[in-house]
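K.L.:
As given, the protein sequences belong to chains A and B, one line each in that order.
For the first sequence, the working numbering assigns the number 1 to the initial residue and increments by one for each residue that follows.
For the second sequence, the working numbering assigns the number 1 to the initial residue and increments by one for each residue that follows.
Possibly wrong hints are sitting among the right ones.
Pairs involving identical chains hold if they fit within one copy or between any two copies, as the list cannot separate such chains.
[Claimed, not checked] Derived lysine to aspartate or glutamate pairs resembling EDC-like cross-links, with alpha carbons at most 20 angstroms apart: (1) Lys536 with Glu514; (2) Lys432 with Glu448; (3) Lys529 with Asp301; (4) Lys199 with Glu448; (5) Lys524 with Glu550; (6) Lys159 with Asp241; (7) Lys529 with Asp547; (8) Lys536 with Asp470; (9) Lys92 with Asp547; (10) Lys295 with Glu448; (11) Lys568 with Glu482; (12) Lys536 with Glu448; (13) Lys396 with Asp541; (14) Lys432 with Asp470.
Treat the hints as calculated values from the structure; they're not laboratory data.
There are 2 protein chains.
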Amino acid sequence: MRNLKTFFPIFDWGKTYTKTTLTNDMVAAVIVTIMLIPQSLAYALLAGLPAEMGIYASIAPIILYAIFGTSRALAVGPVAVVSLMTAAAIGKIAVPGSADYIAAAITLAFLSGGFLVLLGMFRLGFMANFLSHPVIAGFITASGIIIAASQLKHILGIKADGHNLYELVISLFTHVNETNWATLALGISTTAFLFWVRKGLKPLLTTLGLKPRMADLGTKMGPIAAIAVTILLAWGLNLQDKGMALVGDVPQGLPPLTLPSFSLDMWSSLVGSAVLISIIGFVESISVAQTLAAKKRQRIDPDQELIGLGAANLGASFTGGFPVTGGFSRSVVNFDAGADTPAAGAYTAVGLGLASLLLTPLIFFLPKATLAATIIVAVLSLVDLSILKKTWQYSKADFMAVLATILITLGFGVELGVTAGVLISILIHLYKSSRPHMAVVGQVPNTEHYRNVLRHDVITQEAILTVRVDESLYFANARFLEDAIYDLVAKHPKVKHVILMCPAVNAIDMSALESLEAINERLKDLNVKFHLSEVKGPVTDRLARTDFLEHLSGRIFLSQHSAILELKKDS
Amino acid sequence: MRNLKTFFPIFDWGKTYTKTTLTNDMVAAVIVTIMLIPQSLAYALLAGLPAEMGIYASIAPIILYAIFGTSRALAVGPVAVVSLMTAAAIGKIAVPGSADYIAAAITLAFLSGGFLVLLGMFRLGFMANFLSHPVIAGFITASGIIIAASQLKHILGIKADGHNLYELVISLFTHVNETNWATLALGISTTAFLFWVRKGLKPLLTTLGLKPRMADLGTKMGPIAAIAVTILLAWGLNLQDKGMALVGDVPQGLPPLTLPSFSLDMWSSLVGSAVLISIIGFVESISVAQTLAAKKRQRIDPDQELIGLGAANLGASFTGGFPVTGGFSRSVVNFDAGADTPAAGAYTAVGLGLASLLLTPLIFFLPKATLAATIIVAVLSLVDLSILKKTWQYSKADFMAVLATILITLGFGVELGVTAGVLISILIHLYKSSRPHMAVVGQVPNTEHYRNVLRHDVITQEAILTVRVDESLYFANARFLEDAIYDLVAKHPKVKHVILMCPAVNAIDMSALESLEAINERLKDLNVKFHLSEVKGPVTDRLARTDFLEHLSGRIFLSQHSAILELKKDS
Numbered sequence: 001m002r003n004l005k006t007f008f009p010i011f012d013w014g015k016t017y018t019k020t021t022l023t024n025d026m027v028a029a030v031i032v033t034i035m036l037i038p039q040s041l042a043y044a045l046l047a048g049l050p051a052e053m054g055i056y057a058s059i060a061p062i063i064l065y066a067i068f069g070t071s072r073a074l075a076v077g078p079v080a081v082v083s084l085m086t087a088a089a090i091g092k093i094a095v096p097g098s099a100d101y102i103a104a105a106i107t108l109a110f111l112s113g114g115f116l117v118l119l120g121m122f123r124l125g126f127m128a129n130f131l132s133h134p135v136i137a138g139f140i141t142a143s144g145i146i147i148a149a150s151q152l153k154h155i156l157g158i159k160a161d162g163h164n165l166y167e168l169v170i171s172l173f174t175h176v177n178e179t180n181w182a183t184l185a186l187g188i189s190t191t192a193f194l195f196w197v198r199k200g201l202k203p204l205l206t207t208l209g210l211k212p213r214m215a216d217l218g219t220k221m222g223p224i225a226a227i228a229v230t231i232l233l234a235w236g237l238n239l240q241d242k243g244m245a246l247v248g249d250v251p252q253g254l255p256p257l258t259l260p261s262f263s264l265d266m267w268s269s270l271v272g273s274a275v276l277i278s279i280i281g282f283v284e285s286i287s288v289a290q291t292l293a294a295k296k297r298q299r300i301d302p303d304q305e306l307i308g309l310g311a312a313n314l315g316a317s318f319t320g321g322f323p324v325t326g327g328f329s330r331s332v333v334n335f336d337a338g339a340d341t342p343a344a345g346a347y348t349a350v351g352l353g354l355a356s357l358l359l360t361p362l363i364f365f366l367p368k369a370t371l372a373a374t375i376i377v378a379v380l381s382l383v384d385l386s387i388l389k390k391t392w393q394y395s396k397a398d399f400m401a402v403l404a405t406i407l408i409t410l411g412f413g414v415e416l417g418v419t420a421g422v423l424i425s426i427l428i429h430l431y432k433s434s435r436p437h438m439a440v441v442g443q444v445p446n447t448e449h450y451r452n453v454l455r456h457d458v459i460t461q462e463a464i465l466t467v468r469v470d471e472s473l474y475f476a477n478a479r480f481l482e483d484a485i486y487d488l489v490a491k492h493p494k495v496k497h498v499i500l501m502c503p504a505v506n507a508i509d510m511s512a513l514e515s516l517e518a519i520n521e522r523l524k525d526l527n528v529k530f531h532l533s534e535v536k537g538p539v540t541d542r543l544a545r546t547d548f549l550e551h552l553s554g555r556i557f558l559s560q561h562s563a564i565l566e567l568k569k570d571s
Numbered sequence: 001m002r003n004l005k006t007f008f009p010i011f012d013w014g015k016t017y018t019k020t021t022l023t024n025d026m027v028a029a030v031i032v033t034i035m036l037i038p039q040s041l042a043y044a045l046l047a048g049l050p051a052e053m054g055i056y057a058s059i060a061p062i063i064l065y066a067i068f069g070t071s072r073a074l075a076v077g078p079v080a081v082v083s084l085m086t087a088a089a090i091g092k093i094a095v096p097g098s099a100d101y102i103a104a105a106i107t108l109a110f111l112s113g114g115f116l117v118l119l120g121m122f123r124l125g126f127m128a129n130f131l132s133h134p135v136i137a138g139f140i141t142a143s144g145i146i147i148a149a150s151q152l153k154h155i156l157g158i159k160a161d162g163h164n165l166y167e168l169v170i171s172l173f174t175h176v177n178e179t180n181w182a183t184l185a186l187g188i189s190t191t192a193f194l195f196w197v198r199k200g201l202k203p204l205l206t207t208l209g210l211k212p213r214m215a216d217l218g219t220k221m222g223p224i225a226a227i228a229v230t231i232l233l234a235w236g237l238n239l240q241d242k243g244m245a246l247v248g249d250v251p252q253g254l255p256p257l258t259l260p261s262f263s264l265d266m267w268s269s270l271v272g273s274a275v276l277i278s279i280i281g282f283v284e285s286i287s288v289a290q291t292l293a294a295k296k297r298q299r300i301d302p303d304q305e306l307i308g309l310g311a312a313n314l315g316a317s318f319t320g321g322f323p324v325t326g327g328f329s330r331s332v333v334n335f336d337a338g339a340d341t342p343a344a345g346a347y348t349a350v351g352l353g354l355a356s357l358l359l360t361p362l363i364f365f366l367p368k369a370t371l372a373a374t375i376i377v378a379v380l381s382l383v384d385l386s387i388l389k390k391t392w393q394y395s396k397a398d399f400m401a402v403l404a405t406i407l408i409t410l411g412f413g414v415e416l417g418v419t420a421g422v423l424i425s426i427l428i429h430l431y432k433s434s435r436p437h438m439a440v441v442g443q444v445p446n447t448e449h450y451r452n453v454l455r456h457d458v459i460t461q462e463a464i465l466t467v468r469v470d471e472s473l474y475f476a477n478a479r480f481l482e483d484a485i486y487d488l489v490a491k492h493p494k495v496k497h498v499i500l501m502c503p504a505v506n507a508i509d510m511s512a513l514e515s516l517e518a519i520n521e522r523l524k525d526l527n528v529k530f531h532l533s534e535v536k537g538p539v540t541d542r543l544a545r546t547d548f549l550e551h552l553s554g555r556i557f558l559s560q561h562s563a564i565l566e567l568k569k570d571s
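Here chain A stands alone, though its shape is the one from the complex:
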């Protein structure tokens, strides 16, 4: 547990707040607010929730993160992958559109927030490191594909459903004959427009004489322009009568006060999903925060980030929101727009609050296809299959982990995908370290160096067998070590001394210690002495605490060379 004041980084940056910082923060807030409105609506839609919940999920969380978080540029709110995971989690226990579904979303934010705060208070942020980078990359890529596929129904104007690629494709094919042509036309043109904004608008603005940074910000306004134009179209052409799905009535006003459910049943069905969402959200958020902090030589405290994100999620659950985390694109915009402190987030929250009070009537005419186009264009930038090629070249084990994560996510959904990814990484790591590299070594002539007999021309003694093991010794490889040594001794019947050379052994756990004792006893029965050489200081200290050294038939030598000099005399 930690000193109370460290939980409030606001005391840190609050002291030095000046007029310049205020101006910078305000400008950034305006830009981010404009960008967040379509994003928030779209991710609520992705989670299967009413559009306004997206706005609600951006207000309180941003303020709470500003108080508790350590990143100065991170913008917290609904993000694509977490929204998809939310849909998968609550879709298991309630029907989209029902009151139960909304209650489940709110409860999920509460559980996720509580879990993050607990992790932070007990300094367990390191657990996020158990997700390997390639597994995360594979998971994000697969999620991006699923998200894009899940939005095609809105572009086509049909009903379709599914939490994995297979279900989605089947469902789309089943309903494709119901396509609404007006929706499709609007959906495709919006998607095309947004793609052009990403790829073509920035060069155009630069040619027109705008500074690169302004051109960059201009392109970020694309989605809000698409929303304004399609609202006007839907209203002017009365597209609702042509069967186009619009967002419809959105309650006008500030976020409501809500309470999570405290039903044990709901908790037990959601807690696993909450853990997964928290970890994925944390990993995504912290890598954004660290990237941005590095550019300004600032430091991020992972445990405090857990508190900040946890508070944000708890805030979401009490103000009609759903699980949130730090988003990449919005944080980059915030950073590029010049946000100096987390206060920029608070001003963004005020902007969104005003939008929620004043602008919601306009949203009635917003076509769902527009939001779907926004999502598709945003998530396709997440899809990056190059990780498969990279890992294939570098490490087949990492490749297997990524491939399995991608396939399982696409085939069975996000929750199973990420769980499998974590387990496979850990199993592969255990498997690799359970079969450590071992080499019989000999002396390089006229030196004090000892090298692998298979790779080098070295001098060996008939009566002395030296085995180097290149891994820490622990339960997963203890038995392997025993087997390997017994096999080697069986192959060298004239051996009188076995030296285990330990320059790369950073630790020996209790299981491995018992294996060393077993090796010692068994070699004693065969009249072979067992020695260790080049044991590291901390390892020797620990061995000295046991009675291993008393039973050891041989000795512990500081250097391999002194071992050989000494034992040659003896044999």
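Got chain A sorted already, so can you dock chain B onto it with the hints?
P.N.:
What follows is chain B alone, placed relative to chain A:
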């Protein structure tokens, strides 16, 4: 997959079978048969099954293990811990005594056998190594306590139930007022007698002039003597009328042919338990087999052992048995009695078959308290809390894993206990390697050695920072490495070169490679060059397959000393 002939080790020892081996095997078989009868009945009782199932579970499995197993002395059959786990598993889905309960036991043996065979065919025996020795020791100890507690009801002659210590103690207290005094008297005196046989009989027999080995075997006959005497007492004094629980009617005849259930429902409720039972049974069996094999310089093939145990369990499921494995005490007796080949097991099976045909009517009068006394005396030798003291002295992490395993097993039962033990060991291992030991190093004056600046008087350069990391780099510690290096560079503002010294780095996975790339990029921004030194051959080979070396701002040096000589010129 493997060559077909390697699946049948019987071809190996069968070729050299002589008259002497035959005699040795027969003698051992007679002794083991006499000893197995009470054990088999008792462990069936422990599993909540009819007594005869214990005999059935010893016949076919022994023969099948003789065909497929590699240990020459291992005796397969019901054992205490596996019987307890069986009771826990099938107790969840059926009421003890019902036909469903028996069907579940048979199905559990089938699933467990199938799983073991699969592991063996795909050579996955190494998975058993993921159980650390201290966790196994803690689990066996806690199981021994639960087993002894579960048998107290038979000693008291009351009904009581529970799958963990807490439930058992509550249940015993609730019913203790129903104690049957005749049963208690017989139970206590039998237990005392069996303890005396263990501790006092052997010295007595030795004083009487018996050879140590014969005295040892004599003491193993204690349980059969207890059974004979208490049967006579129960029959002569008509103890059944005094309310004593007897074994009662046992069908006379050879093991019946049975079929496991193929209901998917039952499979899905039992498969998790089958996996746990298989792994615990395998770990227990293989350590017995290896201990005995070592004494005769024989080798055990773990993957073939999986096939042998798997076949034994499949055999049990088709002949009215329940999950079995290699037992410690019976195997030692078999070994001490001079069994030369697995054929001894087959002769034991014949002996048990005869017993099942001829002796079952006598068992009617056997008091359950006698069997409970046999179990209590047998399992208390499993209880060994010294592992707590040993791990406390050696490694707090191992201590935590053992303590958690013992407490969770006692408090929540065997399945949760062993699962928690495995997970905790793995998490502790990941946690330890996720915070590797790192040291800033400097040159030991007048040598080419570089040591920790905190432990040694060494020479350092203002512009060069050398950091040695004592662990392989992989996903769990990649971020830690990044953080540590950024912190160090922040503390040394005059640094122009950072050298990562890697003599203990046995591998770098994709996540760690990305971290190295990130470190390189970030240091580049700070005008600091990043170098590696003393990188192992296989690691360098792998790095060379990527574009890391092209982007690296510094170089890779073979030795730390050459790095310093080179960079000193530069700065």
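K.L.:
Hint by hint, where does the structure go against what was stated? Just the numbers, ascending.
P.N.:
Hints 2, 3, 4, 9, 10, 11 not satisfied by this model.
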